[in-house]
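Visitor: Sequence:
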Amino acid sequence: MGIMVPVQILDLTSKQMRFELGVEDGELLGRKGARLIADLKERATEAEYTHMYYRDPIRPGIIWFSALNPSGLDLPARGKIEYCRDVANKVFPDFLDSLQDEAEESIMARIPPLVIGASGVDLVTTLEYLVFVYPGMVRAWAALIFSYSEVLGLKESAEAARSDCAEHCAHAQIVTYLMMS
40 MGIMVPVQIL DLTSKQMRFE LGVEDGELLG RKGARLIADL KERATEAEYT HMYYRDPIRP
100 GIIWFSALNP SGLDLPARGK IEYCRDVANK VFPDFLDSLQ DEAEESIMAR IPPLVIGASG
160 VDLVTTLEYL VFVYPGMVRA WAALIFSYSE VLGLKESAEA ARSDCAEHCA HAQIVTYLMM
220 S
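My numbering numbers the first residue of the sequence shown as 40 and each following residue consecutively.
Among the hints, erroneous ones may be present.
Here are the simulated lysine-lysine pairs, BS3-like style, with alpha carbons at most 25 Å apart [claimed, not checked]:
1. Lys80 - Lys119
2. Lys54 - Lys71
3. Lys54 - Lys129
4. Lys80 - Lys129
5. Lys119 - Lys71
6. Lys119 - Lys129
7. Lys194 - Lys71
8. Lys54 - Lys80
Ranges of calculated distance between the beta carbons of each label pair, as one might list FRET restraints [stated by the list, open to error]:
9. Gly65 - Glu143: 33 to 39 Å
10. Ala73 - Ser137: 21 to 27 Å
11. Lys71 - Ser137: 35 to 41 Å
12. Asp140 - Glu198: 32 to 38 Å
13. Ser145 - Ala77: 18 to 24 Å
14. Met56 - Tyr216: 40 to 46 Å
Hints were generated in silico from the structure; no laboratory data involved.
Fair warning: this is a prediction, and the values are worked out from it, not measured in the lab.
Note that CB positions come from ideal geometry on N, CA and C, so glycine has one too.
Using the sequences and the hints given, assemble the complete structure.
Guide: Quick look at the structure:
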């Protein structure tokens, strides 16, 4: 039998953990944020953490789960999917349940009304969840690109989402049209 190694997770999505590390939210964004996350991964491995949760530094609406092994061969996977779904249910109440029985063609055009008071990060987390689960939802892609660019002021994030849309959305040309309208 193999030796059981305890799982130790460094959760950079936790406000308390970021406070304990002395890291401000803005420090984890952009290219500088990517370098800081890479540095924190290295230090976490040395501190015997086995895994790490973190928001994507370019597209902070995505939460990644990464194994911290010295070989560095493990690719991150989407993390905290249930948390993202819960955020989506708060930002767009009852919307996800309404999609379960709909055909893909009608889902493509759907986007719910926004709840007043949702933060920009909650909005992009919700939209990233929607385009992950329903990659053909063109209005969600358009709203995601707009939210990164105009709500959060992250132009690089908007461009990364636009590129991902072109790769994963079968109707990316409609997203482009919606963005110009």
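Visitor: Are the hints correct? Go through all of them and say.
Guide: Do the hints match the structure? See the list:
1. Straight-line distance between C-alpha atoms of Lys80 and Lys119 comes to about 18 Å, which keeps the hinted pair within the 25 Å bound.
2. Between Lys54 and Lys71 the alpha-carbon distance is near 19 Å, which keeps this suggested pair within the 25 Å criterion.
3. At roughly 19 Å between alpha-carbon atoms, Lys54 and Lys129 fall within 25 Å of each other, so this suggested pair holds.
4. With a C-alpha separation of about 31 Å, the suggested pair Lys80 and Lys129 falls outside the 25 Å cut-off, and the hint is violated.
5. With a C-alpha separation of about 24 Å, the suggested pair Lys119 and Lys71 falls inside the 25 Å cut-off, and the hint holds.
6. With a C-alpha separation of about 15 Å, the suggested pairing of Lys119 with Lys129 holds against the 25 Å cut-off.
7. With a C-alpha separation of about 15 Å, the suggested pairing of Lys194 with Lys71 holds against the 25 Å cut-off.
8. At roughly 17 Å between alpha-carbon atoms, Lys54 and Lys80 fall within 25 Å of each other, so this suggested pair holds.
9. The hint said 33 to 39 Å for the Cβ distance between Gly65 and Glu143, and at roughly 38 Å that hint holds.
10. Between Ala73 and Ser137 the beta carbons are some 36 Å apart, a value that contradicts the proposed interval 21 to 27 Å.
11. Separation of Lys71 from Ser137 is about 40 Å and conforms to the stated range, judged on CB atoms against 35 to 41 Å.
12. Distance hint check for Asp140 and Glu198: the Cβ-Cβ separation is about 35 Å, which falls inside the suggested range of 32 to 38 Å.
13. Between Ser145 and Ala77 the C-beta distance comes to about 42 Å, which lies outside the given range of 18 to 24 Å.
14. Checked against the given bound of 40 to 46 Å, the beta carbons of Met56 and Tyr216, roughly 42 Å apart, stay inside it.
Violation of the numbered hints given earlier is confined to hints 4, 10, 13; the remaining hints are satisfied by the structure.
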